[in-house]
Amino acid sequence: MADAYDKLIFELSSPGRVGWSLPEADVPEADVHKLLPAKHLRRDAPDLPEVSEFDVVRHYSRLSRMNYGVDTHFYPLGSCTMKYNPKLNEDVARLAGFAKVHPLAPEASAQGALQLMHELAWDLAEIAGMDAVSLQPAAGAQGELAGVLMIRAYHHSRGEKRTKVLVPDSAHGTNPASTAIAGYEVVEVKSLPNGEVDVDALARTLDTDVAAFMITVPNTLGMFEPRIIEITELCHAKGVQVYMDGANLNAILGITRPGDLGFDVCHFNLHKTFTTPHGGGGPGAGPVGVKAHLEPFLPVPVVTKDGDEYALDWKRPRSIGKLQAFWGNFGMLVRAYTYIRTMGPDGLRSVSDNAILNANYIMKRLERDYDVAVPGPCMHECVLSARRQKRLGVTATDIAKRLLDLGFYAPSTYFPLIVEEALMIEPTETEAKETLDAFCDAMIQIAREAETNAAVIHDAPVTTPVRRLDQTKAAREPNLKWTRRG
Amino acid sequence: MASRYIANTPDEQKRMLGAIGSGSIEDLLVKIPPKARLARPLGLTPALAETDLIRHMTALAARNAHADSHVSFLGAGSYDHYIPSPINHLILRGEFFTAYTPYQPEASQGTLRSIYEYQTMIAELTGMDVANASIYDGASSLAEAALMAHSVTDRREIVLSRAVHPLYKRVTATYCEGPGVRLRDVPAPEGVTDLAAARQVVNATTAALVVQTPNFYGCLEDVAAAAEIAHAAGALLVVVADPVNLGVLEGPGKLGADIVVGEGQGLGVPLDFGGPNLGVFAAKNELVRRMPGRLVGATVDHDGKRGFVLTLQTREQHIRRAKATSNICTNVALCALMATIYLATLGRRGLVKVGELSTAKAHYAASRLTKVPGVSLRFTAPFFKEFALKLPKAPERVLPRLARQGFLAGVPLKTFDRALADCLLVAVTEKRTKAEIDAFAAALEKAVA
Ligand SMILES: Cc1ncc(COP(=O)(O)O)c(C=O)c1O
Numbered sequence: 001m002a003d004a005y006d007k008l009i010f011e012l013s014s015p016g017r018v019g020w021s022l023p024e025a026d027v028p029e030a031d032v033h034k035l036l037p038a039k040h041l042r043r044d045a046p047d048l049p050e051v052s053e054f055d056v057v058r059h060y061s062r063l064s065r066m067n068y069g070v071d072t073h074f075y076p077l078g079s080c081t082m083k084y085n086p087k088l089n090e091d092v093a094r095l096a097g098f099a100k101v102h103p104l105a106p107e108a109s110a111q112g113a114l115q116l117m118h119e120l121a122w123d124l125a126e127i128a129g130m131d132a133v134s135l136q137p138a139a140g141a142q143g144e145l146a147g148v149l150m151i152r153a154y155h156h157s158r159g160e161k162r163t164k165v166l167v168p169d170s171a172h173g174t175n176p177a178s179t180a181i182a183g184y185e186v187v188e189v190k191s192l193p194n195g196e197v198d199v200d201a202l203a204r205t206l207d208t209d210v211a212a213f214m215i216t217v218p219n220t221l222g223m224f225e226p227r228i229i230e231i232t233e234l235c236h237a238k239g240v241q242v243y244m245d246g247a248n249l250n251a252i253l254g255i256t257r258p259g260d261l262g263f264d265v266c267h268f269n270l271h272k273t274f275t276t277p278h279g280g281g282g283p284g285a286g287p288v289g290v291k292a293h294l295e296p297f298l299p300v301p302v303v304t305k306d307g308d309e310y311a312l313d314w315k316r317p318r319s320i321g322k323l324q325a326f327w328g329n330f331g332m333l334v335r336a337y338t339y340i341r342t343m344g345p346d347g348l349r350s351v352s353d354n355a356i357l358n359a360n361y362i363m364k365r366l367e368r369d370y371d372v373a374v375p376g377p378c379m380h381e382c383v384l385s386a387r388r389q390k391r392l393g394v395t396a397t398d399i400a401k402r403l404l405d406l407g408f409y410a411p412s413t414y415f416p417l418i419v420e421e422a423l424m425i426e427p428t429e430t431e432a433k434e435t436l437d438a439f440c441d442a443m444i445q446i447a448r449e450a451e452t453n454a455a456v457i458h459d460a461p462v463t464t465p466v467r468r469l470d471q472t473k474a475a476r477e478p479n480l481k482w483t484r485r486g
Numbered sequence: 001m002a003s004r005y006i007a008n009t010p011d012e013q014k015r016m017l018g019a020i021g022s023g024s025i026e027d028l029l030v031k032i033p034p035k036a037r038l039a040r041p042l043g044l045t046p047a048l049a050e051t052d053l054i055r056h057m058t059a060l061a062a063r064n065a066h067a068d069s070h071v072s073f074l075g076a077g078s079y080d081h082y083i084p085s086p087i088n089h090l091i092l093r094g095e096f097f098t099a100y101t102p103y104q105p106e107a108s109q110g111t112l113r114s115i116y117e118y119q120t121m122i123a124e125l126t127g128m129d130v131a132n133a134s135i136y137d138g139a140s141s142l143a144e145a146a147l148m149a150h151s152v153t154d155r156r157e158i159v160l161s162r163a164v165h166p167l168y169k170r171v172t173a174t175y176c177e178g179p180g181v182r183l184r185d186v187p188a189p190e191g192v193t194d195l196a197a198a199r200q201v202v203n204a205t206t207a208a209l210v211v212q213t214p215n216f217y218g219c220l221e222d223v224a225a226a227a228e229i230a231h232a233a234g235a236l237l238v239v240v241a242d243p244v245n246l247g248v249l250e251g252p253g254k255l256g257a258d259i260v261v262g263e264g265q266g267l268g269v270p271l272d273f274g275g276p277n278l279g280v281f282a283a284k285n286e287l288v289r290r291m292p293g294r295l296v297g298a299t300v301d302h303d304g305k306r307g308f309v310l311t312l313q314t315r316e317q318h319i320r321r322a323k324a325t326s327n328i329c330t331n332v333a334l335c336a337l338m339a340t341i342y343l344a345t346l347g348r349r350g351l352v353k354v355g356e357l358s359t360a361k362a363h364y365a366a367s368r369l370t371k372v373p374g375v376s377l378r379f380t381a382p383f384f385k386e387f388a389l390k391l392p393k394a395p396e397r398v399l400p401r402l403a404r405q406g407f408l409a410g411v412p413l414k415t416f417d418r419a420l421a422d423c424l425l426v427a428v429t430e431k432r433t434k435a436e437i438d439a440f441a442a443a444l445e446k447a448v449a
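Those sequence lines, one after another, are chains F and G. Quick note: the first sequence uses the numbering used here, first residue 1, plus one each step. Quick note: the second sequence uses the numbering used here, first residue 1, plus one each step.
Same shape as in the complex, but just chain F:
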């Protein structure tokens, strides 16, 4: 039964309640009105709730129960790698020597933090076959921006003014968005019906005005690009840099490396492949790796090692600059480092093996009841199309909602854009066979219901705290904050 709780913290407020404990002032003058000019001061206290500590704990505990998370539900959200987030990582990240270190602490007093960053950068470089890695980008999209800006700086350093970046129509939205911010015209290239790059069409598009080709490997249909080496060679022959969106790295750990495939740049999503928790939308970390010719352009500062001493190197005149105020999402770096040390090289390889096995198992079990976007084998995720169900009036959205009632989070829907009614399913290696079977049983049940009892799908979800929500009203009459009138 759905939890009927329907409160916002403001609605629990009772004047006079407190949830905090702060000491009394121990210095002679504590009156801000005597210390600061009145024109800077707030006239009235901010309208924040007044609640007890236990009110807070109960409220947010109850809110949490209105969510599905990986800890509680199978979460097959394609392209997001919703794997188990190890508890050990959380213990380690909370050591005071990590969590309570100030970013501007003297370098001599932060050697452990710098060592961790230095080692992690090298581990990621080895995993991706790259020559250098910056840990600074805060997420995949920022890694993309950093990568494209480095490509831009590289071309400029050679006196070349290339203006376009090619991005497949199957790409994630951040690829064109980041490229545009980096100042490039985005040229969308049409994929073949099977999602692969149309190599002949690409060859015709490549010219001296193209700065980069940006692709995702495995692609967003969950398939390895079979002609990838040919593609990177073709690009390089025209002076075009090749960028790999590394969101799908979970498929290829220890199997193949972007650098060996000919990529010049690649970003990592530590919140996908390397188990840092998604936290309801972030934070993540999006380190970016490059080949040697792009190294001078890395964001500043770069963590260096000289003998046994670690330092931040700011003297990099050709750097693209900075992406965040400090050095990167260090808390996430600690978790990723812990994970890599937990798994070791063999463990990481078996991550990809089992991620691939699980995705293929799901694809096989569902191939009779749903159309597969591209025949297998697939890599770490599989893309189905609900076009058959659509003809019966059941869309990918409907299927997603029905899955919520059956106890599963939904696959990614309508991505990639080139697959009609796309359902992108990524089970990850951390799920057990019985979970995959239960999910497949649910999917097959929905396919049957689409034929015989579509109403139960259209009504879904009915077990969640709310039923389907009016998106149109939300956008037409934006209500973006709580106000007292209730």
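Treat the hints with care, as some may be off.
List time: in silico DSBU-like cross-link candidates among lysine-lysine, alpha-carbon distance up to 35 Å [to be verified]:
id: 1; chain 1: F; residue 1: LYS305; chain 2: G; residue 2: LYS393
id: 2; chain 1: G; residue 1: LYS393; chain 2: F; residue 2: LYS34
id: 3; chain 1: G; residue 1: LYS31; chain 2: F; residue 2: LYS390
id: 4; chain 1: G; residue 1: LYS284; chain 2: F; residue 2: LYS305
id: 5; chain 1: G; residue 1: LYS31; chain 2: F; residue 2: LYS39
id: 6; chain 1: F; residue 1: LYS473; chain 2: G; residue 2: LYS323
id: 7; chain 1: G; residue 1: LYS323; chain 2: F; residue 2: LYS291
id: 8; chain 1: F; residue 1: LYS390; chain 2: G; residue 2: LYS323
id: 9; chain 1: F; residue 1: LYS87; chain 2: G; residue 2: LYS14
id: 10; chain 1: F; residue 1: LYS34; chain 2: G; residue 2: LYS434
id: 11; chain 1: F; residue 1: LYS291; chain 2: G; residue 2: LYS414
id: 12; chain 1: G; residue 1: LYS284; chain 2: F; residue 2: LYS390
The set of hints was computed from the structure by calculation and includes no laboratory data.
Starting from the known structure of chain F, arrange chain G with the ligand on it as the hints suggest.
Quick look at chain G with the ligand alone, frame taken from chain F:
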């Protein structure tokens, strides 16, 4: 060796392969050309057992000075404020912690409700109409504000006070490189923006004037006067402000800001060596459709019951692609949740108390430290919880000695501004005690003697 994070046993693998109709996992890799395959194992450190790994990580952590091992006066954009205990317990609830962006709202009402609360609290503190669900950090929030001002005004120049955090300026410069937006400086020789100079620099090509209050040096800016200068030229006023101070300080929106950005780390987010942080972003209503990042709105469900969704998504990359208002996708939702729980816990009176205590202790520290012979305040403008302290001896010679005595004395300003090579930026939060400040003053006196 089996891994505790992978469930499949060899027997289960065999049965799954049988169902697939493949002889081995290797058979599933047929699309990868042989010459693309890595022919050796990855050259990484072998797997460590949990107990060995904890030992290794504890040893690494032990090599860092931190807010519990030292008395810290470090600030410059990252502050050691009080973090109420429930925050950590609540964010660790797996339903919050291990959820993705709330794409399926019916199964994500917990996250969506908390973001709606967050937006409400940030709008209230900043004095703005709307706040988004977060940007990565204060610096990237400012960069996004600069790009937004450029697109709203169709002008190509951002004027920044030199008292804006220098690292924020570098991030803004990085983001402005591609779109060809130029940055211009306004001097702040006395620790606050020279508004007469600003009036000269801001003109019909200016998309936005940017000031920070309290600024990088801890001094308070005249936001209303800056707004008047920006608006007279048809430019936007962007204000960088730290929301933890806004229990005491007036919300910049009330003083004329069009966009308020800032670092929300002080709202219950750990220092974490500088990240993850919390990029706060708030704006006036008329700018909402040009805002970067996610927005949560209230609506109703099929039965008319209140519910929450991600809304106005046509601004975002997954819909608008190359024409999106920003490339941001993953943000820092969990840090926003920490801030929400923090603000709920501190509430109406607690946040005021944090601001009052920080101000009082900072002012006490300033008066106590300037009693040390040769030590003085570099600027005379009113400051909030942070100030530039001029030392009679080079800070780089003083700091290591103080660190050995257990004090992280402040951030040397030399790397940010050569003209301030003899200065230390000292931050004092409500966590510092009079006894700690007195001990610091005594140690400083010996160190500079
Ligand atoms: C294929 C792909 N590329 C890029 C991204 C963007 O990464 P992030 O959300 O970390 O910015 C994502 C994730 O959402 C993705 O799935």
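Is F:LYS34 within 35 Å of G:LYS434, Cα to Cα? OK: F:LYS34 and G:LYS434 at ~19 Å, within 35 Å.
Is it true that the CA of F:LYS390 sits at most 35 Å from the CA of G:LYS323? Between F:LYS390 and G:LYS323 the Cα gap is close to 30 Å, so the pair holds against 35 Å.
Checking one constraint from the list: CA of F:LYS305 to CA of G:LYS393, max 35 Å. Satisfied? holds, 30 Å
Would the hint linking F:LYS291 and G:LYS414 be met if the CA-CA limit is 35 Å? holds, 33 Å
Tell me if the straight-line CA distance from F:LYS473 to G:LYS323 falls inside 35 Å. holds, 24 Å
Are the Cα positions of G:LYS323 and F:LYS291 separated by 35 Å at most? The given pair, whose Cα atoms are some 30 Å apart, holds under the 35 Å limit.
Does the alpha-carbon distance linking F:LYS87 and G:LYS14 stay inside the 35 Å limit? holds, 29 Å
Next pair to validate is G:LYS31 with F:LYS39; report whether the Cα-Cα distance is within 35 Å. violated, 68 Å
Hey, G:LYS393 versus F:LYS34, does the alpha-carbon distance stay inside 35 Å? holds, 32 Å
Does F:LYS305 lie within 35 Å of G:LYS284 when you go C-alpha to C-alpha? This hinted pair is violated, its Cα atoms lying about 47 Å apart.
Regarding the pair G:LYS31 and F:LYS390, is the alpha-carbon distance no greater than 35 Å? The given pair, whose Cα atoms are some 31 Å apart, holds under the 35 Å limit.
Given the hinted pair G:LYS284 and F:LYS390, is their alpha-carbon gap at most 35 Å? It is violated: about 42 Å lies between the C-alpha atoms, which goes past 35 Å.
In this structure, the earlier hints numbered 4, 5 and 12 are contradicted, and the remaining ones agree with it.
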